[in-house]
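Engineer: Now for the letters of each chain:
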Amino acid sequence: MKPLIILAVMLVMPAPAAAAPTPAAPAARADWRRAGIDERVKAGLISLGWRLEDDGRALDPKTKAPADKTAFDKAVLDLRQDARRAALESLNLMLDPKRPADPGDRARLEMLAQDLPPGLAAVALDPKSDLSKIRAMAGAELDKVAAYFDGGRTMADRRAAAQPVPAGTPGPRAEPPYYTVLERSVGERLQASARAEIGRDPFGRTVLSRLDAAGKPDLPPILIEDQGGGVVARYDYRRRAVVLDREGLLASVIGTVPPRRASALRASLSTRDALLAYLEAHPEAVEAVVKENDVVLVHELTHAWQDRRDPVFREMARGNIPDVQPLEYEEEAYKTKNLYLRSKLKRDPASVRMNDDFADYVMMTHGIGSWRRKLFDDIETAAPARALTLKSAIAVEAGRLQRVRARSVATGEEQRAKALDLLTLTRGARRLAELETAHANRMAALDPEIQGATTASYKDLGSYYLVQASAAARAPDRMVFLEKAARYAEASGDKALIEEVRKAKEAKE
Amino acid sequence: MKPALALAVLVALAACKRAPEEGAIVVPTQEIVAGVGMIDFTSEEAGFSCRVPGEWGVRESKYLDPAKGLSLWDGKRTHISITKFPEMEPQYKDARAYAETFWMLSDKGQPEITVEKIGGRTVLRFHQERPYYKPHSRKLEYMNRFDYALFPIQGGFFQIEHRAVASEYKATLPVFEAVVRSFKPKI
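As they're listed, the protein sequences go chains A and B. All residue numbers for the first sequence refer to my numbering, where the first residue is 1 and numbers rise by one. All residue numbers for the second sequence refer to my numbering, where the first residue is 1 and numbers rise by one.
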């Protein structure tokens, strides 16, 4: 009997009672609260598009439905393996014999240790250990992680990853990020408000126009999620979305009501859904959120532009480039938001908040070289495994290439898989190198523009402090602001401003 | 000797042992200051020599062109950097004019500038506190204290900066002072 016929017979024949297959038990639903995940894994899952509900359900980014335990556990394991790979690759960079020894590595290692295999972490942190031994252990562990990811990839996955994605198209990414109609509606209100607010400024219009599609600004989706670590906002390249921190955003919303109502409002907005519903019903709160965060939004929209302009995030989303935070991209985003702030100071000084963004702008105006050095240093300290220069990212990519080259193959299928992996990684390395060159050229054009406008910036800052002085509620603040206004006016050499400040000082005295 | 190489020698990665064949060169400790071994250091690229904390690392070598200076950190939250102007910032050529711009960076006004003779040069000294925020965050983490010594040279100056958490800066201030006292521009 032919196999197909046998199968057909089996399907139609009533099975003996004793052999009746037990219906498959419905897969247990995942409860993220019981899964023992820490804050970092939680943040990682959210960044992959998972939605972790207050009742413990974990909503799958693709289906938007509650995930079962198997799928959830797999996602957590993938995330942990990815973190381990990033930690091992950072360790490898530190172990490079050509790199100068750096006692700061100890602090970095301690931060990375949580993602390293315990045995390796102990050896790496032991002052008596030999570097060659650590290197060998790290190499073996990297092989294991590579095998984990290689084993999970089919030939179809590999072919898809090897296919270049045409410029200007997003390539495969996480599903559209909105989970509910309400979330989408609030996101679109935030987008519209951001377009209006940022579009009031000439430089803001330049930022928006970079995201044009079919002649209209095409802003990425804007989401509200818990970020942790005091992070106000970030661009999530996996979802091609800007994510605003719920707690930070809540503060802006609370600021729209009189102080006597603030506590009651805060208490009523303790859940994400309540906050979304409030924003949906209160356009003035949406506007306040955007006004409070427009500079930050310009920073994140710059990352969105980088994503559309360059193939790097596209390749990263497909695993062809390490999941890193290129410091050069941060440099460009920080400079762009500071240029926006400078433009606002000139056009509408009263709209500029005196916060950390303002302090960062002043620091850049004072000296761009020192500012850049501090920026890179601070970002690297905050994220030792992910914040890398392009040069370091290229080194990590080279390590991955080398590992694939060294992979032994026994079958034609394995040979084809290896060829495809080499193709994608080689292209990834080329993309990173191209970006390194392009970035250097962009900054070479941008820096003189920033430095050449210093005197004009002083005048704008003088006017700004004059506005702040006239609005200051407390006399000591007024004094400080007038003093700053006077100094900036003097530094700018602008006679009219000097005179204006002098008169303001006289009036206050 | 190249700056990176000179410092590479003292301590290996996280105090692990680097094998001798990896180019380790032993640089002798000249003195111990506040528990930190100080070594002699020369930068041919930037043109200076001084004592530096040998157990500290070249924190930002990849962000700072050696011709513009050197930046060291203790592996925690303290940094000492030596930078050359106007190479670092083209708009600053005069040490006093530069020192007199620090009112921009604080609401406490212009820090008082004192003058000291070190190695026959007139060195400008001042300090300042500024808030520290993590990148992408609005949460004030702590106040940093910055101590400065500016060494005028022909056509520019060298800046030596000590950056530490304000509540901890006294622990490493002697190390900074040792760097300043030993500093010799080649120009």
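Keep in mind that the hints were calculated from the coordinates and are not lab data. Where hints are given, some of them may not hold.
Stated by the list, open to error - Taking CB as the label site, the calculated pair distances span:
no.: 1; chain 1: B; residue 1: Pro-90; chain 2: A; residue 2: Ala-71; range: 42 to 48 Å
no.: 2; chain 1: A; residue 1: Ala-156; chain 2: B; residue 2: Lys-76; range: 47 to 53 Å
no.: 3; chain 1: B; residue 1: Glu-44; chain 2: A; residue 2: Glu-247; range: 22 to 28 Å
no.: 4; chain 1: B; residue 1: Ala-97; chain 2: A; residue 2: Glu-280; range: 39 to 45 Å
no.: 5; chain 1: A; residue 1: Glu-280; chain 2: B; residue 2: Leu-140; range: 29 to 35 Å
no.: 6; chain 1: A; residue 1: Gly-493; chain 2: B; residue 2: Glu-116; range: 49 to 55 Å
no.: 7; chain 1: A; residue 1: Lys-391; chain 2: B; residue 2: Ala-97; range: 46 to 52 Å
no.: 8; chain 1: B; residue 1: Ile-113; chain 2: A; residue 2: Pro-258; range: 24 to 30 Å
Unchecked claim - Simulated crosslink set (DMTMM-like; lysine to aspartate or glutamate; CA at most 20 Å straight-line):
no.: 9; chain 1: A; residue 1: Lys-374; chain 2: B; residue 2: Glu-87
no.: 10; chain 1: B; residue 1: Lys-134; chain 2: A; residue 2: Asp-31
no.: 11; chain 1: A; residue 1: Lys-459; chain 2: B; residue 2: Glu-100
no.: 12; chain 1: B; residue 1: Lys-134; chain 2: A; residue 2: Glu-483
no.: 13; chain 1: B; residue 1: Lys-108; chain 2: A; residue 2: Glu-332
no.: 14; chain 1: A; residue 1: Lys-42; chain 2: A; residue 2: Asp-31
no.: 15; chain 1: A; residue 1: Lys-69; chain 2: A; residue 2: Glu-110
no.: 16; chain 1: B; residue 1: Lys-93; chain 2: A; residue 2: Asp-447
Beta carbons: idealized from backbone N, C-alpha and C, even for Gly.
Engineer: Hint by hint, say whether it matches the structure.
Structural biologist: Here's how the hints hold up against the structure:
| no. | hint | verdict |
| --- | --- | --- |
| 1 | B/Pro-90 with A/Ala-71: 42 to 48 Å | violated (56 Å) |
| 2 | A/Ala-156 with B/Lys-76: 47 to 53 Å | holds (48 Å) |
| 3 | B/Glu-44 with A/Glu-247: 22 to 28 Å | violated (51 Å) |
| 4 | B/Ala-97 with A/Glu-280: 39 to 45 Å | violated (55 Å) |
| 5 | A/Glu-280 with B/Leu-140: 29 to 35 Å | holds (32 Å) |
| 6 | A/Gly-493 with B/Glu-116: 49 to 55 Å | violated (31 Å) |
| 7 | A/Lys-391 with B/Ala-97: 46 to 52 Å | violated (35 Å) |
| 8 | B/Ile-113 with A/Pro-258: 24 to 30 Å | violated (46 Å) |
| 9 | A/Lys-374 with B/Glu-87 | holds (17 Å) |
| 10 | B/Lys-134 with A/Asp-31 | violated (33 Å) |
| 11 | A/Lys-459 with B/Glu-100 | holds (17 Å) |
| 12 | B/Lys-134 with A/Glu-483 | violated (28 Å) |
| 13 | B/Lys-108 with A/Glu-332 | violated (30 Å) |
| 14 | A/Lys-42 with A/Asp-31 | holds (12 Å) |
| 15 | A/Lys-69 with A/Glu-110 | violated (32 Å) |
| 16 | B/Lys-93 with A/Asp-447 | holds (18 Å) |
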